[in-house]
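Use the sequences and the hints to build the structure in full.
First to last, the protein sequences are chains P and B.
Following our numbering, the numbering of the first sequence begins with 1 at its first residue and continues without gaps.
Following our numbering, the numbering of the second sequence begins with 1001 at its first residue and continues without gaps.
Hint data in this document are derived by calculation from the structure and do not stem from the laboratory.
All C-beta atoms, glycine included, are put in the ideal place defined by N, C-alpha and C.
Don't take every hint at face value.
[Stated by the list, open to error] Restraint-style ranges between C-beta atoms, simulated for each label pair: (1) B:Asn1172 x P:Arg24: 32 to 38 Å; (2) P:Leu29 x B:Val1428: 21 to 27 Å; (3) B:Ile1420 x P:Lys359: 48 to 54 Å; (4) P:Thr329 x B:Leu1009: 51 to 57 Å.
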Amino acid sequence: MQANSSTSSSEVKHPSRGVGKFFRVVLVLLVVVIAFDQVGGYILHHMYFSAKSGPFAETTFTFTKMDQDGIILGSSRGRRNYNPNLLADSLGISVYNAGHDGQTIFYEQSIIRMALARYSPKLVIIDLNPEEMYYREVHYDRLNVLAPYFKDYPEVRSIYLLKGIRDGTGEGDDFFVKPAKRSDNSWDNFWFRLHSMEEWVLPLNAERFKMFSAVYPYNSTVLDILTALFKNRKSESGFKPLKGVITREKADELIRENAKLRETPGKVVDANKLKGLEEIISTVTAKGGKVVVTMSPALAPFGMEPSYKAVQEVCAKYGVPFKDYSQDTGYARLENFFDNHMNKDGANLFSSNLAHDIKSQFFPGNF
Amino acid sequence: MVFNSFAFLIFFPVVTILYFLLPHKWRWLHLLIASCVFYMFFIPVYIVILIFTIIIDYFAGILIDRAQGTRRKMWLLMSIVANVGVLAVFKYYNFFIMNTLWIANLFGAHPDLQYLNIILPIGLSFHTFQAMSYTIEVYRGNFKPVKDFGIYSLYVMFYPQLVAGPIERPQNLIHQFYEKHEFDYQRVVSGLKLMLWGLFKKVVIADRLGAYVANVFNFPHQHPGEPLTFWVAAWFFAIQLYCDFGGYSDIAIGSARVMGFTLMTNFRRPYLGQSVGEVWQRWHISLTTWFRDYVFNPLGGYRRGKWRGIFNLGVLMFLAGLWHGANWTYVLCFLVFYVFLASRLIIRKPLQKFDDIVYKIHPLFGRIVNTILAFHCGIFSYVFFRSGSVSDALYYYQQMFSFKSLKFYEGDASTLWYGIFGIIVLLVIEEWQENYSKDKEAVFPEPKAMWGKFVFYAAVITVIMLIGVFDASQFIYFQF
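Structure below.
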């Protein structure tokens, strides 16, 4: 009984029990977390940049060492559909395929910024798919591939920070605008026009703060960093051809799925992507390089809507050649494709034809 | 605002510190404003709907309490109609139109019915049910209506459980707003640990597995003849769903606990349940008990015999399915689960015999077998839950059992391996919590020494930063 009364009287005297202890513990924990973060970040940085093969080594090479005259930019379609060796032989210049699975114009913009800081490429081939210029949240998420380069390479910083404004929140940048989320003329947009409170209550770009961490830039890469130590898959030209031929059944399914995707409502052209495309074209041409924008062959037809027209308009604005091979039925045979990417034979056929077009149509007399 | 966002990382400490600094008499107002800000981080204008239901139910509570006889019922009915009406317009109107058009088309009619092009307000079903529990409890005489409009508003809007529960009862929550909560080191630390575990479940496990699950469930036709892929995606989805919603609940309960509030337990390690009934009792407890108290028991529960009980259970499961979403896939999900639950009641004796046999071999063996079987009953129903349409779900089932090859879609290999790592951690921690922890509120099996604790928690935070998915993704249950 006595013990109880003494406990309750101490509660009355010290209503806020343990505030000091709590803040001391938080402080110590913070110090230990920072120590873990810095040591972990240092080890991961070292392992990441010392990889000799694998996707990280290729990205690091593309960003920091690539010096070829010709550069092929693109997503997985760019990487699989263009054989740089055939283009090099035909055009008489060195060519590197800098395509990267799952990436979009933002990654390509980073490559060009980094490349132009070192040298002036003579030819840049930009492979786009006809729907590439639409806003898609996942394309912003995939900017995490730039995170390891954020601290050491200022060229990529503003592009990486787009990740933090992908959902329309956080501050923008002088160069970039916030992506539009919804198409006009819909009730959905009515609600969104009222704006989320987040934009004015907390106008922060979270990515800027996350980058204070030394470990965070390597988020989700640990396993790949470790496996890269044991792999030895090296591609001198960046080209990763696919082997095998798609079956009729899979092709039909792919065409059906693509048709479904084309009907996705609310697609809007992303102003950031258009600006990225414009920057690549304008900065390369300003340094005397040539740019070709292509859409490589596809088995399942893409949409031909505003995204496609937006690309056409940018090319026309800067006077650079634009050719859409995705509508060319000459390629649309199963034996040329692995899935919606070309297989090795298809890529070789297309690359030879492209080299011919570059020499004869796009830049006659230059190569 | 989502719990796994950078905004919440700022919001939570600011709100909590201010809460403890403010005099007690202003704390309710502080929490109410914070809750409004929290909700308006989504789509601000939808707070109007919340205010509408708050006003209706606040006055309904007072009127029910004052009235006698049939008038009490009338005021209750008015409150229920208002709440269900909001749900009907925002959640079920298009579903109703879709089904009406489908039936009309069967008879060759083509009525000119228009769909509403509106977004479902976040967490609508949660706060509507919480509001309804208030008027029902007042009607039953279990709870005296609150006179303070602000406190009632806070009961509906209390930010930790506003958008995805736990769906509270007035008896449990409202009195806590009147109590003065002092800073208590043990309680604050315990709440923070629960939040950390919830965050781990969400960003390390749920969101990671979600990437694989989405690739299979969103495009099932791209994986024909790969039964293993369909099984793995179904397993992963079961874990994803639990870690997503259970993680949310942990953060909700933990953040409330830090400020001194006790919210009801929402999940009790459901996948460690050894029967389908036990899984049901451990899953989304605040909703299942809501339906038990306000639907199942008033219908007579099991009191009127086994078959009537099974029928009542069917009604409960049908409504629970419909509560989740305006789509037949949710209803079918719960009906599949109902089949398992009802079977357990009908064929009790053979199942008891089966239990006797497996437990006789070895208690641990019996436990493992029963846990796996119960888990798979959940999986069969979740296929409907996650599939975009009934036809997709049927195709999914068909593929699960088309043992033609061992081909397996790996997806992004790191997704697979991080996901598996997360599942192992989940299993170890929950098994420890269930069977080895002496303190039932303990979250992690942490070292005893203070320095060991620092290292342990620093390691957990580092792992979250290293392999968590930080795309501020929404929680699955926000859509309900």
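Cross-check of the supplied hints:
1. B:Asn1172 x P:Arg24: 32 to 38 Å: holds, 34 Å
2. P:Leu29 x B:Val1428: 21 to 27 Å: holds, 23 Å
3. B:Ile1420 x P:Lys359: 48 to 54 Å: About 51 Å separates the Cβ atoms of Ile1420 of chain B and Lys359 of chain P, which means 48 to 54 Å holds.
4. P:Thr329 x B:Leu1009: 51 to 57 Å: holds, 53 Å
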